[in-house]
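Q: Below are the chains, spelled out letter by letter.
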Amino acid sequence: MMDALVPGKPDGMGRERETIESAVVRFAGDSGDGMQITGGQFTLATALSGNDLATFPDFPAEIRAPIGTTFGVSSFQINFGARVVRTAGDQLDVLVAMNPAALIVNLADVKPGALIIVDENAFTVRDIAKAGYAENPLDNGSLDAYRVLRLPITDYTMTAVKSVEGAEVSNKESVRAKNMWALGLILWLFEREKAAVVDWIATKFAKLPDIARINTAALDAGYIYGDVTEMAPEIHPYRVPPAAIPPGIYRNISGSEAVSWGLVAGAHLARLKLAFCSYPITPATNMLHLLTKLGKEFNVTTFQAEDEIAAACAAIGASYAGELGVTGSSGPGVALKTEAIGLAAATELPLVIVNAQRGGPSTGLPTKTEQSDLYQSVWGRNGDTPLVVVASRSPGDCFDTAIEACRLAVKYMTPVILLTDGYLSNASEPWHIPDFSTYEPFPASHAIPADFKPYNRDPETLARPWVVPGTPGGVHRIGGIERKDGSGEISYDADNHQIMTDHRKNKIDGIARDIPDQEVALGPVSGRLAVVGWGSTYGPVNRAVDALIEQGIEASHIHIRHLWPLPRNLGQLLAGFDNILVPEMNTGQLATLLRSEYQCELKSQPKVSGRPFRVSEIVDAARELVEG
Amino acid sequence: MMDALVPGKPDGMGRERETIESAVVRFAGDSGDGMQITGGQFTLATALSGNDLATFPDFPAEIRAPIGTTFGVSSFQINFGARVVRTAGDQLDVLVAMNPAALIVNLADVKPGALIIVDENAFTVRDIAKAGYAENPLDNGSLDAYRVLRLPITDYTMTAVKSVEGAEVSNKESVRAKNMWALGLILWLFEREKAAVVDWIATKFAKLPDIARINTAALDAGYIYGDVTEMAPEIHPYRVPPAAIPPGIYRNISGSEAVSWGLVAGAHLARLKLAFCSYPITPATNMLHLLTKLGKEFNVTTFQAEDEIAAACAAIGASYAGELGVTGSSGPGVALKTEAIGLAAATELPLVIVNAQRGGPSTGLPTKTEQSDLYQSVWGRNGDTPLVVVASRSPGDCFDTAIEACRLAVKYMTPVILLTDGYLSNASEPWHIPDFSTYEPFPASHAIPADFKPYNRDPETLARPWVVPGTPGGVHRIGGIERKDGSGEISYDADNHQIMTDHRKNKIDGIARDIPDQEVALGPVSGRLAVVGWGSTYGPVNRAVDALIEQGIEASHIHIRHLWPLPRNLGQLLAGFDNILVPEMNTGQLATLLRSEYQCELKSQPKVSGRPFRVSEIVDAARELVEG
Amino acid sequence: MNLQTKLGAKDYASDQEVRWCPGCGDYAILRAVQKTLADNGADPANTVFFSGIGCASRFPYYMETYGFHTIHGRGAAFATGAKLANPDLDAWLVAGDGDSLAIGGNHLLHVLRRNVDIVYLLFNNEIYGLTKGQTSPASRLGTRSPTTPAGSRDEPVRAARFALGASATFVARAVDVQKDLSDILKRAHAHKGTGFVEILQNCIVFNDGVYDKLSNKKLAPDNTLKLVHGEPMIWGAERDKGLVFDIATMSPKAVSLGEGGVDASQLLVHDEHNLTLANMLATLDSIPGMPSPLGVLYSREAETFEARTRMDRAETASVEQKIGQLLNSGHTWAVA
Amino acid sequence: MNLQTKLGAKDYASDQEVRWCPGCGDYAILRAVQKTLADNGADPANTVFFSGIGCASRFPYYMETYGFHTIHGRGAAFATGAKLANPDLDAWLVAGDGDSLAIGGNHLLHVLRRNVDIVYLLFNNEIYGLTKGQTSPASRLGTRSPTTPAGSRDEPVRAARFALGASATFVARAVDVQKDLSDILKRAHAHKGTGFVEILQNCIVFNDGVYDKLSNKKLAPDNTLKLVHGEPMIWGAERDKGLVFDIATMSPKAVSLGEGGVDASQLLVHDEHNLTLANMLATLDSIPGMPSPLGVLYSREAETFEARTRMDRAETASVEQKIGQLLNSGHTWAVA
Ligand SMILES: Cc1ncc(C[n+]2csc(CCOP(=O)(O)OP(=O)(O)O)c2C)c(N)n1
Ligand SMILES: Cc1ncc(C[n+]2csc(CCOP(=O)(O)OP(=O)(O)O)c2C)c(N)n1
Ligand code: SF4
Ligand code: SF4
Ligand SMILES: [Mg+2]
Ligand SMILES: [Mg+2]
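Protein chains in written order, with the numbering used here: chain A, 1 to 628; chain B, 629 to 1256; chain C, 1257 to 1592; chain D, 1593 to 1928.
Chain A with its partners taken away, still in its complex shape:
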C-alpha cells in the first residue's frame, strides 16, 4: 500500500518526492513489447536501491498470440518497499499499459486513485476494437477514478532514436525501444539509478552497438521526460526508502533457478552426481533448461526422456546405479509417473520428484498457478505407499527445500516429492546468497555393510543399504513384487507382507523425528487464531497475519514445509488455537490432511482462480472467522 510517510528530496523540476513505504507496479503490454525485460530491469534497479521486493510475471498461454489481442498480453508485477515484502502485491499503485488490450485486462487490479501510464499512440481505432472496447477508454471518462498519464510513448521513442547519430536501425527496431522509454520514466518516478540498466543494455547488445545506443537513448529520454516535464500536480515522483534488510550479498532468484541449483547442491552434499531426467511440461520445463546448462562441471547429467514415465524410470535407474535420480514435472506429468514412483517406494531407492504445480484438472491451466496436487502427492498411489512430501514457500526457499528433499531421499532411501508451483517457478525475489561452504554434507554410502542383505535395515533410519551394481561382493536382485524381509527375494508370504508394509510405514513416519518441530512464523504459539498455509501462499498469509496483528487481532501464522510426514508437534500446536483458518489455492486439500491427522476443527479457505491470494482476501476471511 502506497501510504505517504514524509516528503523526500525534490526531483529535477524541484518537485517534492513523496516518501512512501511501498508500491506495487505492473508493466503490461503485448507479448512483443518486452514487458518481462522491462520488469526484470526495474526489479534489479529496485533491489540495488535497497528495497525489499517480490515479483510476479504473467505470460500469455500462447507462444505468440496475434498482436494487440487480450490473450497476447504479457505483464510483470513488482511490489517493493521500505519494509519486508512478502507478496507481489494485491492492488496496483502504478499500471503501465502499452496498449488497449493491456489496459482492459489489467484494470480490475488497479487501486482507485492509482497512476495509470498509457502509450496513447497504441490506442488506434483498430487496437481499441481488438481489445474489445467499444470506444476509446482514454476519452470516455471510464478512467476517471484514476490518475491517468497519457503519453505518446512511441512517438517520443522514435524522436529519441532519431537523435542517435549514425545509428542504422529499422523502424521496427526503433519502435521496440519504447519499453526502455517507459522504463526510464518509471525509474525517474521512483528515484532509481539508470546505471545498472545501461550496463545491461551494453552487455546484451554488445554485438549490435546501434541497438544498444538507441535503447539507451530511449531509456534516457523517458527518464529525462519525467525529470523535466511539467505534469499535472497529482503526478509527482516518489521515494521509497531502503528497507531494513539483513546485511549480505543479494541477487534476484526465481524459483526455477533456486530449485535447480538446490538439486545440484543437494546432490553435491550427498556426494553424488545428479541425474535429472525429465520431459518438458509447463511450468517445470525451466528446470531442465537450467540444469542442462550446468552439466559436467557440476556433476549434473540431464536426460530428456521420451515421456514422463520414461523420465521417472530413468531417474530410478540412475539411483539404482548409484547416482541421485531426480525427475521434474507438473501435475499431469506426475500423474503418469505414479506407477514408477510406487516401484521406487517398493524397492526403496532414493528419488526426488519435483512437481511444479499448475491449474488442474487435466491439462487445466498450464500457465496459471495452483497448489492442487497435494492429494496426489500424499495419497495418490496404488497400495500402501507412503513417501515424503515437502513444499517450497518462496522462490529463494526452493533452494533449501530442494536440498532437504535430496537429504531425506538419500538418508531414508525413499522417493520424496518436492512441491513448487507456477508462481514460484516464474516469480523472483531478492535472495540473500548463502555461504554454501557452511552447508553440512550428508554423504551417501554405497559400502557393503557387514552381513549384507539388500533389505536389512539401519536400526535408526530403517533405510536399507544402497549397494549398487558394479560393487564386488554385493550381487543381489530387487524388484516390485513383495520382497522378503532381509534378503529381498520374491516372497508371497502373508506375514512377510505385513512386516514389510509396517517397515515401509514406520520408516516414513519415523522421518518426523528428523525434521524440525513446527514453528510459528509470526505471532504467539497459541491463542485466538492460527492461519495455516503451505507452499507459495507463504507471502500473502504472512502479510495478512501481519495486517491482522496491526488491526489488533491476535493471530499467528503457521507455515508447513514438511507435509508428509507432518512435524511431530503440529497436532499439539494446532490444539492451542481457538480458530484455524487454512487458505490454499485449491479446494481445501491441506484442510483435509489436517482434519484427517488431528481431527481438528478448521475453516478452509479455498481459491482456485489461477492467481495468488490477495492479502485482503485472507484478512477478510480471518476477521469473519474470529469475529463471526
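Mixed in with the good hints there might be a few duds.
[Unchecked claim] Listed next, the in silico EDC-like pairs over lysine to aspartate or glutamate satisfying Cα-Cα at most 16 Å (straight line):
no.	chain 1	residue 1	chain 2	residue 2
1	B	K924	C	E1576
2	D	K1818	D	D1877
3	C	K1482	C	D1541
4	B	K924	C	E1571
5	C	K1448	C	E1557
6	B	K1081	C	E1320
7	C	K1578	B	D1063
8	A	K484	D	D1607
9	A	K603	A	E624
10	B	K790	B	D838
11	A	K296	D	D1904
12	A	K162	A	D220
13	B	K924	C	D1568
14	B	K1112	C	E1273
15	A	K130	C	E1273
16	D	K1914	A	E297
17	B	K1231	A	E597
18	B	K1112	C	D1271
19	D	K1914	A	D435
20	B	K758	D	E1609
21	B	K1081	C	D1271
22	A	K453	D	E1656
23	A	K505	A	D458
24	C	K1442	C	D1295
25	C	K1388	A	E62
26	A	K296	D	E1907
27	A	K484	D	E1609
28	D	K1724	B	E690
29	C	K1578	B	E925
30	A	K453	D	D1607
31	A	K296	D	E1912
32	C	K1262	C	E1320
33	A	K603	B	E1225
Hints are computed from structural coordinates only; laboratory data are not their basis.
Once you've looked at the hints, dock chains B, C and D with the ligands against the given chain A.
A: Relative to chain A, chains B, C and D with the ligands alone:
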C-alpha cells in the same frame, strides 16, 4: 465353528451323523491336482443341499510351478452352514492335503482337533523333502493335535480306475482322477448328493467317454469308501442341515462374473452399448475374458488395448462417441490411467473404472487380496478432480454395484471408480438370481437440448448435455484445457476457473442426495460400538458383529458402499456411537477418509497380509476397544 | 447425409480466433484441410477431429466440426475408442511430432497396425513448439535447443520409416505449403484404414527453415521427389535426375537423364504397393545428394479395425431377455 | 576386473529356484545366456539384468549377477537411466513380447534410436504368458485366446521390422532351442549400442508349437534361413534353395539350386550393413514358401548413448567452488 447340535441319521455303516451348524473345508494340493475343480463341485453339491456358503480359492502366483513345491500349492476353501454364512471361514474343520507341500502350507490354519485327510501315497521321501520337511510329518507325532486320516488315495484311485472295463486311459489320466476320489469321500462325510457331480463329469468329458467313466468310478469309490469302511471312532460323518435361505432361484457367482454382468446390465439399463477397454492384469483380467465371450448379442464390445493408458483413453473415446466406456484394471494399471481419468473428469464424460485391487505397493502381490487403493481412488489425481467411488461387498453384490456405477456415470457425466478386489474377483457365493425385468432403466440421452451449449448444466444434477459426434446441429469442441462455463471454449480466465472448479465439486458432492442414506447392516443405529467397513470385508465384519452381539456386547455393523461422495447422514450416524472400529485390509485408508470428513475419533484396525480378515481378529479388536 | 447446399472451405472454419504464431506452417495445413473437407463434401456433423497436446493439437478448435482436444500423445487411443463406438464417424487426428513420436509413439504404432480408419496427420516441425522449443525425437542431428545447447546427438526417428516398421497400410509425406497438399489429404482420406500423412511443417519461432530446401520454390525441385504411382522416379528443376536401383549393392543410385546420361526407361518406377521400395524411399534423403520423396510412399489394402469390430446394436428387448437368460445360466437351484 | 578363476555357466546361476513351467522355452535361453556370460568371462559384479514384468521378466532372479525386476514395459527406460549413471555397466534387458511391443513399445523405440549400449533380449512367445494366455501384439493372425475366442484379426507387430523402423543399429533373430543361440548373443553383446535379439520362444502352456517349423529338427532346415554375412542366402535340408532379388518387381524370389536350377553365384549375398536388404529379410517369412531368417539381419556402427552422455565425476572441491560461484553469479548487490 463345527459345533455339535444333535445327532443326525446314521450313515452306511450305521454310524451316527453328528449334526453341526457349519463347517470349513479346504481342499489343497499341487496346481495340477485339480483342487479348484474339486472345490467348485463340492460347492455346487453343498449349495444344492440347501446350505448357505462362501468360498475362497487361492492360486499359486506362478503359472505352473514345479510339482510338489510349496509355491505350487493351490487351494479352495468353503464355509457352509445351516445359518447365514458371510465369510469363507477362519479356521479349518477339514483339510484335504493331497501332498506334503499342501500340508505344510495350510497346517497353520487348521483348528486343533480338526480332521486332516492326506494322500499318503504322495508322502514320498522326495516330496517330503521338497516341501521342506526334515522327516515325514505323518510319522513323527507332529500332527497329534489333529485327527488324521491317512489314506493311499492314489492307490485307491488306480484300483477304481482299473475296475472300469475297457477304459483306455493313460497312467497319468488315471492318477489325475484322485481328486474325484477325495471329493467322493468328502461328499460322504457331509452327506452330499453325488448326482450333480456325476452330471458335470458327463458334460465336461462328453467327448472323452473313458475319462468320464474313470472319474465317475473314482468319485464313487471315494464315496463308498467312506460309507462302508470302518474308521477310527473319532472319524465319523456329519450332517449340516439346510439353512433358512430366502426362497428363489440360486446360482453360484464369482465377483468377476457378477461385475462383468453388472456392467452389461448397467449399459443396457442406460440403453447404451458397453465398450469395455482393458489391458490384462491380475486379478482384473477375468472381466475382459468374460465380457469378450458375451459380445454382440449383449451390445458389448471389448477392446484389448496396447496398455492401460490406451485402454482408458479408448474407453473415454467410446463415451465421447456416445456409448458407455468402461475400463478395468488393478492398482498399478489404474495408476497409469490417472491422467486420462482427469480428462474424463474435466470434459465431464461418463466413464466407469473397475479396480480389482491387489496387494501393493508396485507390482506387490498380484495374486493376493488387499483394499489399499482407496486413497488412490478418492484422492489420487492431479488438480481438484473429484469423482465418484463405490465398492462391492461380496461376489454377488458386484452385480448391483456395477449397475450403480453405470447409473451414476451416465446420469452425472462423470468418471466412477468401482472397487472390487482379488478376493471378490475369485471367490464365489450362492446368489439369489434377481428378476432383471424389475430393474429400473436409466436411459441416457444424446438429444440436443434447447439453447444447447456443451457446458450448460442440468439444474438438478449439474450434468452437462451429452451431445455426441454424428448429431446434426450439435457441432462443438471439448478438451482438457479449462473450458468456459457454458460454451466450453478454451478459457484462461481466472473467475471462470473458479466457477468451473466449483461446478465440478458441487456436481459430485450433490450426488450424495441421489444415493441411499447410510444404513446399519446389523445392530442398533447408535450405541456402544460401531464396526465400520467397506468392500470385501463385509463378510467377516458382519460375522464378527454377530459374534459380539452373541457375546453380549452391544455392537453395530456399518458397511459403506458409496465411498465418495459419502452418504449424507453418515457423520451423524457415526456420532451416535461411543466407539468406532474400522477394520480394513490396508494401513488405515478408510479411517483417514472418515477422520478427514467427520473429525471423529476412531480406532483403525489395519491388516495387509494378503488374506481376508478372520472373524476372531475383529472380535478381539472390538472387545479390546470397548473393554479397554 | 445430403447437404442441401455444398459447403465451401470457409464453412469448415469455426468462429474461434486462430492462435498460432503469425507465419506458422499450421495455417497452410488448416486451409488445406478445410479445402479437403469442402471438396469431399464432408458432413460437419459426422466429422470429428481428435488431437493430443501441442501447437498442432489446437487444430480441432479451428474446425467447424466436432472436435476433441485430448491429452498429450494419446489422441490415437481416443480416436480408436470413438471408432469402436461409432465406426461411421469420419475421424481425423492431428498430432505433433512430439505428440506422435515421443510420448505417443506406442499409440501411433498400434493405431497403424490395427489399421483404424482415420486420417492421421503428423505435423512434423521437428521441435516441441508449445513448450517453447526443446528438441523432439524427430529433430535432426545437431539441432540446438534449450535441452541440447551443443546440438542434438540422438538419432532422429524418421516418421515414415517408423510407420512402415509399424505395419502401416498407407504412408505419405507432404510439405505444409505444398500446393497440392489437399490432393494427398484426399488420398489419405479415401484410403480404407489409417491414412498416415507426415506433413513437414515449419515452426517459424523455434525451428525456422528446417524444410527450406523442400518448401522454397527455387530449391524444392532439386530436393524433392514427387512420387507418382506407375511413373519413373524423376526430379530436378530440369527433371534431369532419376533414381535407379543397383542390385549389386542393393542400393538406390541417382543418375543423370538425357544426353550422355541414363534413359528414362531404366529408372525405378514408383509402385505404391511395394514395401521394399517404400522402405528404401523412407530413408532416401538420408543419403547425401538424394531428394526427399513426397507423395504416397506406400499403400496396401487391408481389413480395417472397423470392419473387425463393427457391431450392430442389438434390440433392447432381445438384450433384456439375453441378460435374464445369462443370469439364470449354468447350474442353478431353487430354494423354496 | 580380472577374475582369478574363470567362471563356468553354472556360476552365473543364482540360488533361486527357477519357476517357469516345465518345458518352457525360457529354460533354454537361460542356459544360453549363462553360457554366454561364462564364455565372455563376464564379471558378475559388473553385470546387471533389467527386466519388465512377465514370465520372461523373472529372468534376473535366476542370474547370479545384479538384477532389477522393474515394472511392465519400462525395463528399457530403467536400463537407460542406469547407463546414464554408470556407462560401464554390462547391462542386459530381458522383456517379453507384451512387455516390449504392447505397453513398452515406446521405450523400445527410444532405446533403439538412442543406441544405448545394452543387450535387449525380446522373448517372443507371441502371447501374454504371465497373465494366462491373452494375445499379444506379436500374436499371429488367427491366434485363439481368451480375448480372441474367434482368433486374432489384428495385424501382428513384427519385432525385427519394428526395430528396423525404429532405427536399430543391431537386429538379430534366433530360436530358443537353437544350438548356437549363444553365438548370436555374443554378437549382440559385442555390438556397441543396443544389441537387439528377438528370441522366438515357445510357451508350452498357452501357445505351444507356434515355432515348431523353426525349432523342430526335421522341419527347421526347410523353414529357416541362417544368415551369414558375406555368404549367399541358401537354405533347405538339402541346401537346395536360394534367394534372389527380382529387380523388375523389386521383390525377393526363392529359386532352386543345382541341376536345372540357379547357380549359387546369382544368389543374394547377405550384407548385414544393408538396410534395404534387412527390411526385406524382416518380412521375408510373410511371403508363402519363404523361410524365416535367423541370425544377424542388420548391424551398423553408430555412436552409443554412453559415448554421448559419459561424464567423469568432477572433484568434490571443484564442484563446491563452482556452486559457490553459481550462487553468486549474475547481478548481485551488497546490503550492509
Ligand atoms: C502429459 C504431458 N506431458 C507434457 C506436456 C507438455 N507438452 C505439451 S505439448 C508438448 C510437445 C509439443 O510438441 P509437438 O507434439 O511436436 O507439437 P508442436 O507444439 O510442435 O505442434 C509437450 C511436451 C503435456 N501437456 N502433458
Ligand atoms: C502396469 C501393468 N499392467 C499389466 C500387468 C499385467 N501383466 C504382467 S506381465 C503381462 C504380459 C506378459 O506378456 P509378455 O510380456 O509377452 O511376457 P511373457 O509372460 O509372455 O513372458 C501383463 C499384461 C502388470 N503387471 N502391470
Ligand atoms: S511455436 Fe512454432 S509450431 Fe507453435 S504456433 Fe508458433 S510457429 Fe507454430
Ligand atoms: S506360461 Fe508360457 S512363457 Fe510363462 S513360464 Fe509357462 S510356458 Fe513359459
Ligand atoms: Mg512439434
Ligand atoms: Mg509373451
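Q: All hints, please: hold or fail.
A: Results for each hint:
{"no.": "1", "hint": "B:K924 to C:E1576", "result": "13 Å, holds"}
{"no.": "2", "hint": "D:K1818 to D:D1877", "result": "13 Å, holds"}
{"no.": "3", "hint": "C:K1482 to C:D1541", "result": "13 Å, holds"}
{"no.": "4", "hint": "B:K924 to C:E1571", "result": "11 Å, holds"}
{"no.": "5", "hint": "C:K1448 to C:E1557", "result": "7 Å, holds"}
{"no.": "6", "hint": "B:K1081 to C:E1320", "result": "15 Å, holds"}
{"no.": "7", "hint": "C:K1578 to B:D1063", "result": "12 Å, holds"}
{"no.": "8", "hint": "A:K484 to D:D1607", "result": "15 Å, holds"}
{"no.": "9", "hint": "A:K603 to A:E624", "result": "11 Å, holds"}
{"no.": "10", "hint": "B:K790 to B:D838", "result": "12 Å, holds"}
{"no.": "11", "hint": "A:K296 to D:D1904", "result": "7 Å, holds"}
{"no.": "12", "hint": "A:K162 to A:D220", "result": "13 Å, holds"}
{"no.": "13", "hint": "B:K924 to C:D1568", "result": "8 Å, holds"}
{"no.": "14", "hint": "B:K1112 to C:E1273", "result": "15 Å, holds"}
{"no.": "15", "hint": "A:K130 to C:E1273", "result": "12 Å, holds"}
{"no.": "16", "hint": "D:K1914 to A:E297", "result": "8 Å, holds"}
{"no.": "17", "hint": "B:K1231 to A:E597", "result": "13 Å, holds"}
{"no.": "18", "hint": "B:K1112 to C:D1271", "result": "15 Å, holds"}
{"no.": "19", "hint": "D:K1914 to A:D435", "result": "12 Å, holds"}
{"no.": "20", "hint": "B:K758 to D:E1609", "result": "11 Å, holds"}
{"no.": "21", "hint": "B:K1081 to C:D1271", "result": "14 Å, holds"}
{"no.": "22", "hint": "A:K453 to D:E1656", "result": "15 Å, holds"}
{"no.": "23", "hint": "A:K505 to A:D458", "result": "15 Å, holds"}
{"no.": "24", "hint": "C:K1442 to C:D1295", "result": "9 Å, holds"}
{"no.": "25", "hint": "C:K1388 to A:E62", "result": "10 Å, holds"}
{"no.": "26", "hint": "A:K296 to D:E1907", "result": "11 Å, holds"}
{"no.": "27", "hint": "A:K484 to D:E1609", "result": "15 Å, holds"}
{"no.": "28", "hint": "D:K1724 to B:E690", "result": "10 Å, holds"}
{"no.": "29", "hint": "C:K1578 to B:E925", "result": "8 Å, holds"}
{"no.": "30", "hint": "A:K453 to D:D1607", "result": "14 Å, holds"}
{"no.": "31", "hint": "A:K296 to D:E1912", "result": "13 Å, holds"}
{"no.": "32", "hint": "C:K1262 to C:E1320", "result": "15 Å, holds"}
{"no.": "33", "hint": "A:K603 to B:E1225", "result": "13 Å, holds"}
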